[in-house]
Amino acid sequence: MTTVAEVVDQAYRDDTGRAVATLIRVTRDFDLAEEAWQEACEQALRTWPQRGVPRDPTAWLFTAARNRAIDRLRRERVGREKTAAALQIAELEAMGDDMHEIPDDRLRLLFTCCHPSLALDARVALTLRTVAGLTTREIARAFLVPEPTLGQRLTRAKRKIRDAGIPYAVPPREALPDRLDGVRAVVYLVFNEGYEATEGELIRTDLCAEAVRLARLLDHLIPDEPESRGLLALLLLQHARRSARTDADGDLVTLEDQDRSRWDHELIDEGLALVDASPAEGPYQLQAAIAACHDRAPRPEDTDWPGIASLYDELEHIRPSPVVALNRAVAVAMADGPDAGLRLLDPLANDLDRYHHFHAARADLLRRAGRGTEAADAYDRALALVGNDAERRYLERRRAALIT
Amino acid sequence: MKYLLMIYSDEHAFEAMSEDERHEVYAAYDELMKDLAANGHMLGGDELAPTSTATTVQVRAGERLVTDGPFAETKEQLGGYFLIDVDDLDAAIDIAARIPSVQSGSIEVRPIAE
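The listed protein sequences correspond, in order, to chains H and G. Quick note on this note's numbering: the first sequence kicks off at 791 and runs consecutively. Quick note on this note's numbering: the second sequence kicks off at 360 and runs consecutively.
Don't take every hint at face value.
Partner residues are not named here, just some residues of chain H that face chain G (Cβ under 7 Å, in silico) [to be verified]: (1) Gly-955; (2) Pro-957; (3) Leu-966; (4) Pro-967.
Restraint-style ranges between C-beta atoms, simulated for each label pair [unchecked claim]: (5) Arg-381(G) to Ala-999(H): 53 to 59 Å; (6) Thr-426(G) to Ala-880(H): 57 to 63 Å; (7) Leu-424(G) to Ala-975(H): 31 to 37 Å; (8) Leu-835(H) to Leu-442(G): 49 to 55 Å.
Derived by calculation from the structure, the hints in this document are not laboratory data. Yeah, the Cβ is synthetic: ideal placement off N, Cα and C, and Gly gets one too.
Work out the full structure, taking the sequences as your base and the hints as a guide.
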């Protein structure tokens, strides 16, 4: 039996983005829109237990939110603002109950929240708050910042949207590719923060799940965009391994040691279908193709390492970066032996000296090459740089297991 | 909304240009300004004389302090400005991206406070 709280919770998760996006379009006021929707949900929690859950909870909530917004526009708009408010009220009153008959405004919301003139951390916070409907507290927890700090970040961002004239619109065609890339970067960043938290505990599955939802939304709102589809595939294929990535103590389990029966095969099938449907050309598509090579292998030894190495080769070609070069070196080592990998790692030492993954990868290859003493030094270097508890414990175990 | 587009560029590089090259830059500016004026977006704009002509004035505790030049030695200097009236920030960014100096310098886009 589902409780009222569960029904409201579900509606909140499913409909916040869409409801808030439309309320913002009409009122041009982020705070008013968020608060009106919030109050509608609170009203439901108060009244539904007595009156029963309405037949269409979303329609009820959206109507209640519109009424709250209309009340506030009547009360709060004074002087010169009154004319604009009257038009907004008329538009809100003219809307039918069925939110899904109104055009979906989430795309403009997404572009506004991810506008490049906002600081990157503000884009992330604003997207999670307004598009995904996370609370300020949830976002603050996920990014390990005090709640007031995050609240200020959101307030400043909303003020900038208003004062700098950031439009609430889908960008024109010529600006679209760049801006779409910007939206994808925010979604990817949310996923990565959840997938490999920079501090404290290793994985914050909730944040990863939100990123998957956002990637799905983006792919739904602008369909057939190869890189958006690539991003969705990449996130699905990585998120599918979430339960196997840590053990009972919360410690990191590498791909090689993961219990592959614990992978989420439903997500993998969905991700593989997306990868197989189009050629891998852009950076997200290539990364998705790499993730697919891992997820396809029933056992670690079945992994197509030469295939992965050549995908990294292509990725390095279109998006050269030391980190991609590092991954390519590791794949080459798996395909052709540790010495071949080490030869590719050496030239990266300058660029990646402060990056713990570089020293951890080097340590692993040195270990495989039977150079224990050098491997121990490399593990020490990685341990000095690592920020995340689970990874630290993992590196300590690997270092202790060396035969020197 | 009104925006001030502040044009920052390396004035020494500009001075080092040949007569022909400078002529080309001015022609590009003329063309853009004509276009903006025709669309009703242009409220004003000027090129500034080089920073070597600048004076900085402060009054502290009633005392007037007049010094030469701008405060900080930076690689790019404010060399001119456009004052425009457009719908929103994206429209202002589009115009900023068409200013000839954007190719080597940078444009700061600032809304005029309402």
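Going through the hints against the structure:
1. Gly-955: Holds: closest Cβ of chain G sits about 4 Å from Gly-955(H), inside 7 Å.
2. Pro-957: holds (4 Å)
3. Leu-966: violated (11 Å)
4. Pro-967: This interface hint is violated because 14 Å lies over the 7 Å limit.
5. Arg-381(G) to Ala-999(H): 53 to 59 Å: holds (57 Å)
6. Thr-426(G) to Ala-880(H): 57 to 63 Å: At roughly 58 Å between Cβ atoms, Ala-880(H) and Thr-426(G) fall inside 57 to 63 Å, so the hint holds.
7. Leu-424(G) to Ala-975(H): 31 to 37 Å: Violated, at about 46 Å.
8. Leu-835(H) to Leu-442(G): 49 to 55 Å: This hint holds: roughly 51 Å between Cβ atoms.
Hints 3, 4 and 7 from the earlier list are contradicted by this structure; the remaining hints agree with it.
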